[in-house]
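Those sequence lines, one after another, are chains F and R.
Quick note, the first sequence lines up with residues -4 to 319 if you use our numbering.
Quick note, the second sequence lines up with residues 199 to 614 if you use our numbering.
These aren't lab readings, by the way, just hints derived from the structure by calculation.
Note that beta-carbon positions come from the ideal geometry of N, C-alpha and C, so glycine has one too.
Treat each hint with caution, since some may be false.
Claimed, not checked - So the derived list for chain R, only partly shown, Cβ under 10 Å to chain F, looks like this: (1) T267; (2) K288; (3) A437; (4) G438; (5) E444; (6) T447.
Claimed, not checked - Listed below are the simulated DSBU-like cross-link pairs for lysine-lysine, each with C-alpha atoms no more than 35 Å apart in a straight line: (7) K408/R with K82/F; (8) K61/F with K408/R; (9) K61/F with K506/R; (10) K347/R with K168/F; (11) K61/F with K273/R; (12) K478/R with K168/F; (13) K408/R with K569/R; (14) K405/R with K61/F; (15) K300/R with K61/F; (16) K61/F with K256/R; (17) K168/F with K369/R; (18) K168/F with K473/R.
One letter stands for each residue in the lines below.
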Amino acid sequence: MQAPLTHRPTLSLAARWNNFQRRYAPYLFISPFFILFAAFGLFPILFSLYLSFQDWQPTTGLGSMKFVGWRNYTDNLTDPTFWQSLKNTLILAVESGIPQHLIAIPLAIAIHTSLRRIQNLVTAVYFLPYITSIVAISVIFFTLFSWQYGAINAALNALHTVPVIGPLFPAEKVNWLGDPGAVQPAIATVIIWRYTGWNTLLYLAGLQAIPRELYEAAQIDGANRWQQFRFITLPLLRPTMFMAVTLSLIGGFQLFEEPFILTNGSGGPGQTGLTTVMYMYRTYTAYSDAGLAAAMVWLLFLVIGVLTLLNNRIFGRSGLAGRD
Amino acid sequence: MKKLIAVTALLALTTLASAQTKTTITVGVFPDLDSVVKAALPGFYKLYPNVTVKINSKAYPDHHTALATALSTGKGANDVEAVDFGYVAKFAEGSGLVDISKAPYNAGALRSQFVAYTFPQAMTQDGRMVGMPTDIGPGSMFYRTDMLKKAGVTPAELNRSWESYITAGRKIKAANPGAFLLPDASQAAQIILRSGLKSGEGLFFDKSNKLLVSPTNPRFVRAFTVAKQIRDAGLDAKAGAAFSPEWTTAFQKGNLATEFSGAWLVGHMQNWLAKDYSGKWAAANLPGGSFASYGGSFYAIPAQSQNKAEAWALIQYLTTNRDQQILAFRTTGAFPALKAAQNAPLFNEGVPYLAGQKARLQWRDAATKIKPIDVNRQDPVAEQIVNDAISNMLTSNQSVQDALTQAQRLIERRVR
Chain F
-4 MQAPLTHRPT LSLAARWNNF QRRYAPYLFI SPFFILFAAF GLFPILFSLY LSFQDWQPTT
56 GLGSMKFVGW RNYTDNLTDP TFWQSLKNTL ILAVESGIPQ HLIAIPLAIA IHTSLRRIQN
116 LVTAVYFLPY ITSIVAISVI FFTLFSWQYG AINAALNALH TVPVIGPLFP AEKVNWLGDP
176 GAVQPAIATV IIWRYTGWNT LLYLAGLQAI PRELYEAAQI DGANRWQQFR FITLPLLRPT
236 MFMAVTLSLI GGFQLFEEPF ILTNGSGGPG QTGLTTVMYM YRTYTAYSDA GLAAAMVWLL
296 FLVIGVLTLL NNRIFGRSGL AGRD
Chain R
199 MKKLIAVTAL LALTTLASAQ TKTTITVGVF PDLDSVVKAA LPGFYKLYPN VTVKINSKAY
259 PDHHTALATA LSTGKGANDV EAVDFGYVAK FAEGSGLVDI SKAPYNAGAL RSQFVAYTFP
319 QAMTQDGRMV GMPTDIGPGS MFYRTDMLKK AGVTPAELNR SWESYITAGR KIKAANPGAF
379 LLPDASQAAQ IILRSGLKSG EGLFFDKSNK LLVSPTNPRF VRAFTVAKQI RDAGLDAKAG
439 AAFSPEWTTA FQKGNLATEF SGAWLVGHMQ NWLAKDYSGK WAAANLPGGS FASYGGSFYA
499 IPAQSQNKAE AWALIQYLTT NRDQQILAFR TTGAFPALKA AQNAPLFNEG VPYLAGQKAR
559 LQWRDAATKI KPIDVNRQDP VAEQIVNDAI SNMLTSNQSV QDALTQAQRL IERRVR
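In isolation and in its complexed conformation, chain R is listed as follows:
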C-alpha cells in the first residue's frame, strides 16, 4: 500500500513538473490584430521558451460576443483577450477582468511610457484598470488635393474652424459637380462632442455622474448646430455610419472631398476603398483645432484565466516592447500606443498613398494633444440616445434645442 502511494505521488510530481516546463496560453483576438500577435510570437518565444501561445481569432463582433458570454458565465475565456476601445467600458464592469493596476501587475508604473489619453480609457470610475493599450487611432482629416485645387481652396481654409470648413465646403461642392464635402453631417458633431471637454468631464456625464446632455450645454449645442448647418447647406452625402454601403460607394466613386477618421483609414483607402485615387488624398488635422481619438485596442486578462503570469508576460511584450510595437505598425499600420516606438525611422518616411506626405509625424503630434476622456458605465446608453437625437434632428425639422431636450429626457429616464 505504501509503495502504491509513493508511486502515485511520484507520478503526480512528474506530470506537474513536465507541465511546469511548458505552459500553453490562449489569446483571443480579431483581425487584423491577429496578424500582429502572430508576428510577435518568434520574438516572444526567444524571451519565454517555456510558453506556447495559441491564437484564437474570430471576426470582430463575434470575438466580443464570445468574450461577453465567457465573462457572464465565468467559463471559456482566453488567457489574454483583445478588447476594442468601444467595448472597454462595457467589459470593465464587475470583476470579470483582472485589475492590472494592482500587484503583481502594477500597470500604473508604466503609464508615463504611453500616449497620455490611453490609460484613462481603460480605467473604471472606481480606479480599476482593465486593459493595456496597444494601438491608437489619432483622428485626421483626409482631403482630396485635386478637388481643393479646382475650387481654389487651401487646406488651411478647410480646417481653420468649423465655420471656414463649411464656407470652403460650399466652394468645393460648387467647383466639383456631383461631389460631397463629407459622408455624413453627424461626423462633425461627433468630433465637436469629443473635443473641448473640461477636466473631470466625460463625454456625457461628469465625475459625479451628473448628466451633461442638455439644451444649455455649449458643447452639445455647438455639436448639434454645426451638424445641422452642414446638412442644411447640402454638403454631406447622408451616408450614415462609416462602412455603410452608401459611404463605401461614395468613396469608391471618388465623390468625397473630405473624410474624418483615424490614421488607420489610409490602409483601407489604399487596399480597397479608394484604390484609384492614390496620390490625390492628403492628411491634415481636424477642423477647429480639434483632436479626437478614433478607436484603439487593449489587451486584458480575464479573472478566470489559470495562467495569469504568462498572460501578463505576453501582454507586456506586446505593449511595452519597442521593437514589437514598431513591428506591429509595419505589419498592419497599427499606430503604436507606446511613445518610445513613435521615434522609429519609419515615422520620418512619407506615406506613398498620400503622395509621399510625412503624415505619420502629424498623427504622432495629434496623438499627444488628444485629451483623456473619463468613461462612465452609462456611456453606451447615452451615446445611442445622443446619436439617435442627431439623426432625428438632421432628418426632420426639429430644432437643436428640441433635439437636446428630448435626448436629455430620454437619458435621464433610462439611467438608473
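If we strip away everything but chain F, and leave its shape as in the complex, we get:
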C-alpha cells in the first residue's frame, strides 16, 4: 500500500542540512550587515528621533527622560544662536564648496589631457590631504595661521613691501583665528585644501568615462579644442558634477572637524566659526541637553533634505540625463 499523499517523507539528515543551507544560510551570511546596520545605523537614528521629543540630561540616567512634545523644536527655532550657526554653516559651505569645484574641474581636465604619464602620481599627491589625519592638518595650519608667528602673515607682510603690487597686501598682521572677519576664510581655506583632491578624483573618473570616439568624430568635423570642451566634455561631465556638488552640499552642512579644531571648539571670535553640528555637539556635551541636541540634528536633516531636493530640481534632472 502506498503512503497517503499528505504524509511527507522523512528526510535524511544530509538532505535536511542541504535544505537548511539552501533556505537559511544566505540570510546567515548577509546578517552581519543587517546586524551592524541595525545597531550602528538604524538604532541611533530612531533613538535620536525619540530623544528629540524628550527632556533628558544624559548623566542622570536613562530613567529620567521626560516627554515634552515639540518643545525642543520650537526652542531651537527661536534660538538666535541656532540661526547664527546655520548662517555660518551656509556661508562656510558656499565659501569652501564653490572654489573646490572651480579648481577641481580644470585641474582634472589638465591631468586628463596633458599629464597622462604621471597621472597616478599627480592624483595621489592631490588626494593626500583627504586621507591625512585632521589632527596633523590642524597643527600645521595653526602654525601657518598664527597671528604673531605664522608663515602666512610673514609672507603677506613681505609681499606688502614689494613695489607696485605691495598695496594689494595688508601691512598689519591678520589675526586669522582671532578676528571675526578672518575666521571663516581661514576655515574655508583648510576645507578647500582638503577636499579639492577628492573632487579632482571624481572629475577624473568622469572624464575617463567619456568615449574617445566622440572627440575623434568632433576632430574630423573640424571642432577646435574649445568646441570639444563646450559640446562634449562639459555636457557629459554633468552627471559627475551633479554628484560631486551634492556630496559637497551634504558635507558642507555637516561641517564639524575643521572649524572645531581651528577654533579650539569655541566657535572662534564672535562665534563666526560655529557651525550647526558644532552647536549641536556643544548642546549635548557642555549643556547636557540631549533632547535639544537631537531636535537640532533633525532640523539640520530637514535643511539638507530641502537643499538637496532643490539642487536636484535645478541641476539634477538635466544633469543626470546628460542633456544640455
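Got chain F; can you put chain R on it based on the hints?
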C-alpha cells in the same frame, strides 16, 4: 538529591568566602592623577591587604566622556571615579554618583580638615555631596623678573590693583619690544568674575536661581570693562584659551611678561612650556587682592558600584591621609586639599624654577583666602554664553553694556 544540594551549597559558600577574602576594585583616572594613585597603592595595600586596585587611566577628555556614558546608561563605571573640577556640576545631577554626605560615608564630618572652598565645589544645590577633594589649584600671577627690571616696574606695582596692572603693563610692553603683558585680555575678566562674590552668590546665579548676569551688576561690568581696557591698550597676545597654539608659542618664545594660572603651571613651565626661562619667572598674588581657584580634582563613587565600602576606603586614604597627600604633591605637584598636608617641610623649600622663591607658602596662604562659590546646574550654559560675550566684545566695537545685555538675554532664553 539531598547530597547534591548540600554539595552545591558548600561550593557556593566556599566561592563566596574566597571572594570575600580578596576584592578587586577599579579606579577611573586621567593623567597625571594616575601616577598619584599608582604611588599610593603600596601604602594602601598595607592597610587593606584584602583589596586589589586596578587603575583604568584614559586621556583627560576621554575619561570624562566614558564616565558620562557610564552614568547615562547605568553600566560600565569604575568603583572610584576621578572627576575634574569643571565636570563636577555636570555629574552632580541625578543620582548617578553616591551622596557621600550621608551614612555610612558622613563626609561632612571631614570638612574642617580641608581647604574651605573645596567642599562647596562638590555639593549640589539640594545639599548632596558627590566628590571628595584631593588637589586644588590656588591662583597665582607669574611674572618675568627680567622684563620688570628692564621697565623699572616692581611686582607690587603690577598686582596692587587692576588699574596699576594696566599702567605697569604699558611700561613693560614699551621697555620690552615684541613682548605682551598677558596671553589674553579675557583672563582678567575671568578672575574678576570669580572674586568678590557676595555670600549666597554663585558665579552666574544666586541661591534662588536668579540670574546675576546683567548690564547693571557691578561685578560683571567691572570684569568686562577691565578686559576691554587691556585689549584696547594692546597689551595682550590675543591668544585665546590657555594651551592654544598661540599661547604655547608665546610662552616658548619668552614673549609673555605675566600669566595668571594655578600653582600647577610651574610644572608645565619647567618641563616644556618655558624650559629656557628657568630662574626668570617668579610668582605673586593675583592683581587687586583677588584670590581665585584654577581647577582641582575630586574622587566620586558611582551609584552602580558593587564595592562601595572598599571604594570609600581608598578615597579616604587618597584624600585624608597626610603622608599620601604629601606624596602626591611630591609625585606630580598636585597641591594638597588636605590642610594637614600643607605643613610638610616641603612647603618651606624654595622652588628651583622660580629662582628658589618659597612660592608654596604664598599659594598655601592664597588657598585659605579663596571663597567658596555655589554651583548651579545651569552654570555650563551661562559660562559658555558669558565667555562668548567677552570674546565678541573684545573682537568687535561692542560696548560693555551691549555685550552684557545680549548675554543676559541669551541666558534667560536658554535657562528652562
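Hints and how they fare:
Hint status for T267/R: holds, given a least beta-carbon distance of 8 Å to chain F, under 10 Å. Hint status for K288/R relative to chain F: holds, with the closest Cβ pair at about 6 Å, below 10 Å. Nearest Cβ of chain F to the Cβ of A437/R: about 8 Å, under the 10 Å cut. The hint holds. Checking G438/R against chain F: minimum C-beta separation of about 6 Å stays under 10 Å; hint holds.
For the restraint placing E444/R at the interface with chain F, the shortest Cβ-Cβ distance is roughly 6 Å, inside the 10 Å limit, so the hint holds. Because the beta carbon of T447/R sits about 5 Å from the nearest beta carbon in chain F, less than 10 Å, this interface hint is met. Of the pairs offered as hints, the one joining K408/R and K82/F holds, with about 32 Å between alpha carbons and a cut-off of 35 Å not exceeded. Taking the CA atoms of K61/F and K408/R, the gap is about 24 Å. The hint holds against a cut of 35 Å.
About 30 Å separates the Cα atoms of K61/F and K506/R, which keeps this hinted pair within 35 Å; it holds. Straight-line distance between C-alpha atoms of K347/R and K168/F comes to about 29 Å, which keeps the hinted pair within the 35 Å bound. Proposed proximity of K61/F and K273/R is supported: the alpha carbons are some 21 Å apart, at most 35 Å. A hinted pair counts as satisfied when its Cα atoms are at most 35 Å apart, and K478/R with K168/F qualifies at roughly 29 Å.
Under the criterion of a C-alpha separation no larger than 35 Å, the hint pairing K408/R with K569/R is consistent with the structure, at around 20 Å. Pair hint K405/R plus K61/F holds up; C-alpha atoms about 26 Å apart against a cutoff of 35 Å. Simply put, K300/R and K61/F have alpha-carbon atoms about 28 Å apart, close enough for the 35 Å limit, and the pair holds. A threshold of 35 Å between alpha carbons decides the hint, and for K61/F with K256/R the separation of about 32 Å falls inside it, so the pair holds.
Only pairs whose Cα atoms come within 35 Å are accepted, and K168/F paired with K369/R is accepted, the gap being roughly 23 Å. With a C-alpha separation of about 28 Å, the suggested pair K168/F and K473/R falls inside the 35 Å cut-off, and the hint holds.
In summary, this structure violates none of the numbered hints.
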